[in-house]
Amino acid sequence: MPVQCSNCVQRRAVLKRPKTGHSLCKDCFFWAFEEEIHQTIVSAGLFNRGETVAIGASGGKDSTVLAHVMKVLNERYDYGLSLLLLSVDEGITGYRDDSLETVKRNQQQYELPLKIVSYEELYGWTMDAIVKQVGLKNNCTFCGVFRRQALDRGAMMLKVDKICTGHNADDVAETVLMNVLRGDIARLCRCTSISTASDGEGAIPRCKPLKYAYEKEIVLYAYFKKLDYFSTECIYSPNAYRGHARAFLKDLESIRPSSIIDVIHSSETLSIKEGVKMPVQGTCSRCGYISSQALCKSCVLLEGLNRGLPKLGIGKHHRLHGKILAQEPLTEQEEKKLKPVNCNCRL
Amino acid sequence: MKCKEGTAVLIIRVNDAFCRSCFKEYFIHKFRAMLGKNRVIFPQEKVLLAVSGGTASCSMLSQVQEGLSREAPKKLRFVPGIIYIDDGGACGRSAEERQRSNALLKSIFTETGFTYFIVSLEQVFSLPTSVLVPGTSDPDPSNPSYKQAVDQYIKEKQTLTEENVASAVAQLNIEDSAYSPEHKLALERLFSSMKTLTAKEDMLQTLRQHLILHIARENGYSKVMMGDSCSRLAVKLLSNIALGRGAALASDTGFSDPRYGDVVIVRPMRDYSSKEIAFYSRMFNVPSVFISGLDTKTHDKASIQRLTESFVTNLQFDFPSTVSTIYRTSEKLHTVMPPQSQTAEPASKCLLCLCTLDTKVDKASAFHATLVSEQLSQIKLQDPSLDAPAQSAEQCCTEGQGCGPGGCCSSNRLPSHQDLKTLLCYSCRLTIKDMVATNTLPPYIITEAEKRQKRSQMKMEISEYLLEDDEEDGGTAAL
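Protein sequences appear in the order of chains E and R.
In this text, residue positions in the first sequence follow UniProt numbering: the first is 1, and each later residue adds one.
In this text, residue positions in the second sequence follow UniProt numbering: the first is 1, and each later residue adds one.
Treat the hints as calculated values from the structure; they're not laboratory data.
Don't take every hint at face value.
[Claimed, not checked] Sample of chain E residues with no beta-carbon within 12 angstroms of chain R, all distances over it, derived:
1. V72
2. L84
3. Y214
[As the list claims (entries may be wrong)] Taking lysine to aspartate or glutamate and the EDC-like style, the derived pairs with C-alpha atoms no more than 16 angstroms apart in a straight line are:
4. K195(R) <-> D295(R)
5. K104(E) <-> D228(E)
6. K216(E) <-> E34(E)
7. K433(R) <-> E374(R)
8. K332(R) <-> D318(R)
9. K195(R) <-> D434(R)
10. K184(R) <-> E96(R)
11. K159(E) <-> D251(E)
12. K301(R) <-> E35(E)
13. K332(R) <-> E309(R)
14. K297(R) <-> E309(R)
15. K137(E) <-> D318(R)
16. K332(R) <-> D184(E)
17. K115(E) <-> D97(E)
18. K250(E) <-> D300(R)
19. K30(R) <-> D318(R)
20. K30(R) <-> E66(R)
21. K71(E) <-> E35(E)
22. K273(E) <-> E331(R)
23. K273(E) <-> D161(E)
24. K277(E) <-> E331(R)
25. K301(R) <-> D251(E)
26. K37(R) <-> D271(R)
27. K275(R) <-> D262(R)
28. K16(E) <-> E374(R)
29. K332(R) <-> D228(E)
30. K195(R) <-> E182(R)
Virtual Cβ for every residue (Gly too), placed ideally from N, Cα, C.
With the hints as constraints, model all of the structure from the sequences given.
Written out as structure tokens, the structure is:
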């Protein structure tokens, strides 16, 4: 016997919501999904009228759905925002160039202006070249740090007021678990805020409107709406530490579907003891970007790459930062510590 | 590695090699340092040791024994008692198995010479509701600080004779393992009404805590020592995050747990990894009894707790610093205690786990998002409390709140899920959601729930006439 939609009761249900377990028909699901995002935006006060918002678009399902929903909600509820797409080219052959094609198609479909910034033009390095130097283990650090700065620089070039990214509930929960496993208290209390702090010049606030949307629901939405997206994993991702947290989270979800939101709830309600040392936000002395150390992470990483010492940013070598800033040559012993490990496991 | 002369017999933490005597010294020292650093155990205090029969709690028992014995250079100074809770009824063990393990444990306990209590979980059905109310912990004016208390004790010790100490220890040992068959049935029904193993484990944990608390209060014990090891606590931290207990993380995994008010729970074994404990109990023949629990021999994904355990153990294999990193993280957390006021209603604490409620619906929070999703996925109900079981109760009681305690409808009235939910914290709500029939809960929980419901209804009625605390103070100050 076909199940009726639990919301409108008239139409036949075509899917079961992973989040709550209710069976819904297509239109009710679309409406519920979009409405939840609208509630998130309104209750967190993410946007103000007349702002220009850049949507971080990678061509994957999250950013495609985000672009679509933002456009729909902007018209439906008259947010008064002007939207545009911002994309980052990391230079990973076989992955990023294909997904960029998808973004270009999105630009035409949604009629939003598009800007692409690439690692090559900003830093002089592509991810492929970086992986050749660093090896397969710590490259996600480079990619993440560079991408964040690339997004910010692109946004500054376009003179936008806010950036929004397609991070979904699964991403946030994975980040929480990863930070607990890594013991990173500072990030643990920062990673659950829905938008980054917007104090000071040069820092464009970033927000996550999809923070409470499950990944499975995003896929369901994209599937039923027949949205066009690119769905392959980054070729370097299997070796990342995040994979462990992700596997754990997927298992948790299979035992109890609400655990994803439970993890986010836990991280929002936990509190840190006073007296725990937290990093203070300042600016990088070389590029002026925000940083909690004398040199921002991407300057450190770049320096390491340019000098052929890729482990400079990985691990704790704070004392050496001062030397680098002063352009002093490093001693033989220090250089040895920072050279890449000879990795024979080329793909 | 330490004394550099004995031959090393074991390796801890990747590259620390110990010989036998150095290891023993290291182990004992850690225990005392833990107690000494966190100065919460006062001299002559009565401390209850919660023993589950496993290696960690039995090692704790042997450490306490060692510390109290005459030969120790600095004796530990408190009065211990032992408690063991027999939860075979919930885990599905047969009566003979339970008798056997009880007898084994009894022999271990009598050897130590301390007072012991062997209690079966079925006793939970005859607990009073005072268990759910946190006691006050007004500090005794005669021992204000730890240092002064210790000095005082040392002065008094000159007058204490050996006989006094011995007689204090040889008290009545309670072995209350008898249980009535209806309680046994009630326990079985309670656990079979839980649909998932996760909820069962959570409920078992809660009931155990309540029972220990009750025994401690009844017999004048102000501290309870639990034998959770570092590895066990790391797993607990992660699984609590997955269950939604972020607000209570510090109490659940920290050294001392003050949420019950008058009885404080301490965890002196939290610095020991399970490897160290296993080595110690093997090498020095610590007697322990293996008792199977709810999740013995279940597969990896049977419950959240079991999954977390296998996840952390596997990760530890590849990244040996995982457990200690998680442990460090737990040390940096603390629980937000709301300001204690005289008129603080006990209703602001969760009914089951007695933590502060974390369900204040903040505008932009995960909890708010969950509520919104629930609303949007369902057809709008007129009034969510008008489902069948509560309806009859409402009709019965609409006239007045004056239904007597054993009165007209207490037998028919089932606390519906909706009623209970408002009294629980986020994760206890999830546990109750997994329950099919809430009337299988032990009577003390149900009566306390009803009492709180009535009080909050009363408060709502007279809310416009109640003066808030600060208004009162402001008023009197102005006079």
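For each hint, the structure was consulted:
With a least beta-carbon separation of about 16 angstroms from chain R, V72(E) lies farther than 12 angstroms from that chain, consistent with its non-interface assignment. Chain R leaves L84(E) outside its interface by the beta-carbon criterion, the shortest separation being 25 angstroms against a cut-off of 12 angstroms. The claim that Y214(E) lies off the interface is violated: its Cβ sits roughly 10 angstroms from the closest Cβ of chain R, which falls inside the 12 angstroms cut-off. Restraint check: the Cα-Cα separation between K195(R) and D295(R) comes to about 14 angstroms, which is no more than 16 angstroms; the hinted pair holds.
Between K104(E) and D228(E), the direct Cα distance comes to roughly 11 angstroms. Compliance with the 16 angstroms bound is thereby established for this hinted pair. The hinted pair formed by K216(E) and E34(E) meets the criterion: a straight-line CA distance of about 15 angstroms does not exceed 16 angstroms. With a C-alpha separation of about 14 angstroms, the suggested pairing of K433(R) with E374(R) holds against the 16 angstroms cut-off. The suggested pairing of K332(R) with D318(R) is violated, with an alpha-carbon distance near 25 angstroms, which exceeds 16 angstroms.
Our distance criterion of 16 angstroms between C-alpha atoms is met by K195(R) and D434(R), whose separation comes to about 6 angstroms. Annotation: proposed proximity of K184(R) to E96(R) holds, straight-line Cα distance about 15 angstroms (limit 16 angstroms). For the hint linking K159(E) to D251(E), the alpha-carbon distance of about 42 angstroms lies beyond 16 angstroms, and the restraint is violated. Taken as a hint, the K301(R) and E35(E) pair is broken in the structure, with Cα atoms around 34 angstroms apart against an allowance of 16 angstroms.
The suggested pairing of K332(R) with E309(R) is violated, with an alpha-carbon distance near 22 angstroms, which exceeds 16 angstroms. For the hint linking K297(R) to E309(R), the alpha-carbon distance of about 13 angstroms falls within 16 angstroms, and the restraint holds. Distance restraint check for K137(E) and D318(R): the Cα-Cα separation of roughly 14 angstroms lies within the 16 angstroms cut-off, and the hinted pair is therefore satisfied. For the proposed pair K332(R) and D184(E), the alpha carbon gap of about 11 angstroms is at most 16 angstroms, so the pair holds.
Between the alpha carbons of K115(E) and D97(E) the distance comes to roughly 15 angstroms, so the proposed pair stays at or under 16 angstroms and holds. A C-alpha spacing of about 13 angstroms is found between K250(E) and D300(R), which places the hinted pair at or below 16 angstroms, so the restraint holds. Only pairs whose Cα atoms come within 16 angstroms are accepted, and K30(R) paired with D318(R) is rejected, the gap being roughly 27 angstroms. In summary, the hint linking K30(R) to E66(R) is supported, as the alpha carbons are separated by about 13 angstroms, within the 16 angstroms threshold.
For the proposed pair K71(E) and E35(E), the alpha carbon gap of about 13 angstroms is at most 16 angstroms, so the pair holds. Among the hinted pairs, K273(E) with E331(R) is consistent with the structure: their alpha-carbon atoms are about 9 angstroms apart, no more than 16 angstroms. The suggested pairing of K273(E) with D161(E) is violated, with an alpha-carbon distance near 34 angstroms, which exceeds 16 angstroms. Distance hint between K277(E) and E331(R) is fulfilled; the C-alpha atoms sit about 13 angstroms from each other, no more than 16 angstroms.
Of the supplied pair hints, the one linking K301(R) and D251(E) holds, its CA atoms being roughly 7 angstroms apart against a limit of 16 angstroms. The suggested pairing of K37(R) with D271(R) holds, with an alpha-carbon distance near 12 angstroms, which does not exceed 16 angstroms. For the hint pairing K275(R) with D262(R), the CA-to-CA distance comes to about 34 angstroms; that exceeds 16 angstroms, so the pair is violated. As the CA atoms of K16(E) and E374(R) are separated by approximately 13 angstroms, the hinted pair is consistent with the 16 angstroms bound.
Distance check on the hinted pair: K332(R) and D228(E) sit about 45 angstroms apart at the alpha-carbon level, beyond 16 angstroms; violated. With a C-alpha separation of about 22 angstroms, the suggested pairing of K195(R) with E182(R) is violated against the 16 angstroms cut-off.
In this structure, the hints that do not hold are numbers 3, 8, 11, 12, 13, 19, 23, 27, 29 and 30, in rising order.
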